[in-house]
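On the provided structure of chain P, position chain L as indicated by the hints.
First to last, the protein sequences are chains P and L. Our numbering puts the first residue of the first sequence at 1, with every later residue one more than the last. Our numbering puts the first residue of the second sequence at 1, with every later residue one more than the last.
Just so you know, nobody snuck in bad clues.
With beta-carbon atoms standing in for the labels, derived distance ranges:
{"#": "1", "chain 1": "P", "residue 1": "K61", "chain 2": "L", "residue 2": "S338", "range": "50 to 58 angstroms"}
{"#": "2", "chain 1": "L", "residue 1": "M398", "chain 2": "P", "residue 2": "V60", "range": "26 to 34 angstroms"}
{"#": "3", "chain 1": "L", "residue 1": "G248", "chain 2": "P", "residue 2": "L15", "range": "27 to 35 angstroms"}
{"#": "4", "chain 1": "L", "residue 1": "P326", "chain 2": "P", "residue 2": "A74", "range": "48 to 56 angstroms"}
{"#": "5", "chain 1": "L", "residue 1": "A241", "chain 2": "P", "residue 2": "A74", "range": "29 to 37 angstroms"}
{"#": "6", "chain 1": "P", "residue 1": "A74", "chain 2": "L", "residue 2": "A17", "range": "48 to 56 angstroms"}
{"#": "7", "chain 1": "L", "residue 1": "G219", "chain 2": "P", "residue 2": "E71", "range": "50 to 58 angstroms"}
{"#": "8", "chain 1": "P", "residue 1": "L15", "chain 2": "L", "residue 2": "Q335", "range": "41 to 49 angstroms"}
{"#": "9", "chain 1": "L", "residue 1": "G343", "chain 2": "P", "residue 2": "V60", "range": "49 to 57 angstroms"}
Taking lysine-lysine pairs in the BS3-like style, the calculated list, with each CA pair at most 27 angstroms apart, reads:
{"#": "10", "chain 1": "L", "residue 1": "K409", "chain 2": "P", "residue 2": "K45"}
{"#": "11", "chain 1": "P", "residue 1": "K61", "chain 2": "L", "residue 2": "K75"}
{"#": "12", "chain 1": "P", "residue 1": "K36", "chain 2": "L", "residue 2": "K306"}
{"#": "13", "chain 1": "P", "residue 1": "K45", "chain 2": "P", "residue 2": "K61"}
{"#": "14", "chain 1": "P", "residue 1": "K61", "chain 2": "P", "residue 2": "K36"}
{"#": "15", "chain 1": "P", "residue 1": "K3", "chain 2": "P", "residue 2": "K61"}
{"#": "16", "chain 1": "P", "residue 1": "K45", "chain 2": "L", "residue 2": "K83"}
{"#": "17", "chain 1": "L", "residue 1": "K43", "chain 2": "L", "residue 2": "K146"}
{"#": "18", "chain 1": "L", "residue 1": "K146", "chain 2": "L", "residue 2": "K228"}
{"#": "19", "chain 1": "L", "residue 1": "K83", "chain 2": "L", "residue 2": "K409"}
{"#": "20", "chain 1": "L", "residue 1": "K408", "chain 2": "L", "residue 2": "K83"}
{"#": "21", "chain 1": "L", "residue 1": "K228", "chain 2": "L", "residue 2": "K43"}
{"#": "22", "chain 1": "L", "residue 1": "K43", "chain 2": "L", "residue 2": "K306"}
{"#": "23", "chain 1": "P", "residue 1": "K45", "chain 2": "P", "residue 2": "K3"}
{"#": "24", "chain 1": "P", "residue 1": "K3", "chain 2": "P", "residue 2": "K36"}
{"#": "25", "chain 1": "L", "residue 1": "K409", "chain 2": "L", "residue 2": "K75"}
{"#": "26", "chain 1": "L", "residue 1": "K408", "chain 2": "P", "residue 2": "K45"}
{"#": "27", "chain 1": "L", "residue 1": "K75", "chain 2": "P", "residue 2": "K45"}
Chain P is faced by these chain L residues, among others (derived, beta-carbon under 8 angstroms):
{"#": "28", "residue": "T103"}
{"#": "29", "residue": "P106"}
{"#": "30", "residue": "L107"}
{"#": "31", "residue": "A109"}
{"#": "32", "residue": "G110"}
{"#": "33", "residue": "R113"}
{"#": "34", "residue": "Q307"}
{"#": "35", "residue": "S403"}
Hints were generated in silico from the structure; no laboratory data involved. Being a predicted model, the structure only gives us computed values, none of them experimental. We treat Cβ as the ideally placed atom computed from N, Cα and C, and that holds for glycine.
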Amino acid sequence: MRKIQILGTGCPKCLQLARNAEAAAQRLGAEVEIEKIEDVNRILKFGVMLTPALVVDGEVKSAGRVLTPEEILALLR
Amino acid sequence: MEFWKREGKKIAYFVAAFLGLYYLPLGHGRLAHSFVEALQLVKWYAREHVLLCLIPAFFIAGAISVFISQASVIKYLGARANKFLAYGVASVSGSILAVCSCTVLPLFAGIYRMGAGLGPATAFLYSGPAINVLAVILTARVLGLKLGVARAVGAILFSVVIGLGMQLIFRAEKNPAAAGPAETPEPQTGRPLWQNAVYFALLVGILVFANWAPGAGPGIWRGLYALKWWLTGGFALGLAAVLVLWLGVKFWQVLLISLPPVLLSWLWPQQPLAAFVAAVVGLSVLTSLQPGEAGEWFRSTWDFAKQILPLLLLGVLIAGVLLGRPGEEGLIPGQWVSALVGGNSLGSNFFAAFAGAFMYFATLTEVPILQGLIGHGMGQGPALALLLAGPALSLPNMLVIRSVMGTKKTAVYVMLVVVMATLSGYLFGALF
Numbered sequence: 001m002r003k004i005q006i007l008g009t010g011c012p013k014c015l016q017l018a019r020n021a022e023a024a025a026q027r028l029g030a031e032v033e034i035e036k037i038e039d040v041n042r043i044l045k046f047g048v049m050l051t052p053a054l055v056v057d058g059e060v061k062s063a064g065r066v067l068t069p070e071e072i073l074a075l076l077r
Numbered sequence: 001m002e003f004w005k006r007e008g009k010k011i012a013y014f015v016a017a018f019l020g021l022y023y024l025p026l027g028h029g030r031l032a033h034s035f036v037e038a039l040q041l042v043k044w045y046a047r048e049h050v051l052l053c054l055i056p057a058f059f060i061a062g063a064i065s066v067f068i069s070q071a072s073v074i075k076y077l078g079a080r081a082n083k084f085l086a087y088g089v090a091s092v093s094g095s096i097l098a099v100c101s102c103t104v105l106p107l108f109a110g111i112y113r114m115g116a117g118l119g120p121a122t123a124f125l126y127s128g129p130a131i132n133v134l135a136v137i138l139t140a141r142v143l144g145l146k147l148g149v150a151r152a153v154g155a156i157l158f159s160v161v162i163g164l165g166m167q168l169i170f171r172a173e174k175n176p177a178a179a180g181p182a183e184t185p186e187p188q189t190g191r192p193l194w195q196n197a198v199y200f201a202l203l204v205g206i207l208v209f210a211n212w213a214p215g216a217g218p219g220i221w222r223g224l225y226a227l228k229w230w231l232t233g234g235f236a237l238g239l240a241a242v243l244v245l246w247l248g249v250k251f252w253q254v255l256l257i258s259l260p261p262v263l264l265s266w267l268w269p270q271q272p273l274a275a276f277v278a279a280v281v282g283l284s285v286l287t288s289l290q291p292g293e294a295g296e297w298f299r300s301t302w303d304f305a306k307q308i309l310p311l312l313l314l315g316v317l318i319a320g321v322l323l324g325r326p327g328e329e330g331l332i333p334g335q336w337v338s339a340l341v342g343g344n345s346l347g348s349n350f351f352a353a354f355a356g357a358f359m360y361f362a363t364l365t366e367v368p369i370l371q372g373l374i375g376h377g378m379g380q381g382p383a384l385a386l387l388l389a390g391p392a393l394s395l396p397n398m399l400v401i402r403s404v405m406g407t408k409k410t411a412v413y414v415m416l417v418v419v420m421a422t423l424s425g426y427l428f429g430a431l432f
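For reference, chain P alone in the conformation it holds in the complex:
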């Protein structure tokens, strides 16, 4: 199963990114687990300073930007 993690302390941009990720997961069809990580210390473990960040299968794909559902879909494919 694919796994998406959203790193962010809960600001509107992070929530937007989470919504976009959900939309992308739905369009993909396959099952995707989405996890939101709000704890600063856990965010740091990914080596991320700029939130919101998107992690796909343990790999940081973007930081400091809200990706569109299309962009996230492209990352999942």
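Structure of chain L alone, referenced to chain P:
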């Protein structure tokens, strides 16, 4: 029992609402007056600060978050960065990196663990929330230019002092940079620096001259006032050129949205606001329909407005109920305010700094609250002390900071912030 579990909460709400209505203190002039005051204050904000000040400020904040590559700034705060430079960058970069207050804590933690270390990290943590463009612009506009400038300069200067202080106190401890270098996203290929500079200068020019007050300054000040709308219009023309040349908007589209403001200012020159509103609406519609950077500019502008305006409205209402407009009384008697934070004694400054450090202010709400306090006799010094300590610290974010760097360092940091804010407030109050 089952019934109470299911309905108990609702019954409690009903009882509370009934009691509230039963004892509604309508007869007391003070309560009714304070609600009227709150509405008056909101009206004043809506009339004086939204169109000419907040809206251009949101466009500037949006432009900063889209057009300035954050990665290129963070480069200077990395583990291998020049220490001297790191302090400088940390103290001023809040204006670019902290436009959204929720990004401050992850950045602080990142600079501490993976980057330039404790000193620059605490410098950034202190100055970041205080010098974001929206905060500085609104402070200068509502509380006066002097306090606005003092806030920005004070935050930058004292952030370096606090950063160096932290580094010095904890110099024996090793930098926990073991977390490994930060994963910095590839800087997007941006436009040349000078183009960004021109673009931002044009936006700032519009903001500054649209708000130019007559004032009692030297002759040139009044001369500029007479020309303010011509200058604002000139900067707007420059912005139109930037849209076409650098942001890829089609010439005929820009021409189309320029027509209403030009016509309005020609037909109705005594009402410059009409042309200004037409220009803002045109720019919003145009950019929102563009693909690419221009569209992103509008979206992030809208994101800021959506996020900040409701909180600000709430803050203004609360400040209005509690404190009223300057010269009017709200629920809190004015004597209390002037007794606690009036004048410029060390005690007043300390109290303001201490209260500010623990209190939580939503973005920008410190401004209406301070306005109310100043209207009731708070001194300029304590006002600055609260402005410096307030947005930088609050009880909730102290807890996060503690989870990042431990209890001892957090306690020292809070102490340094309170002491520095007290001193700078005292100094400011004594000098001005």
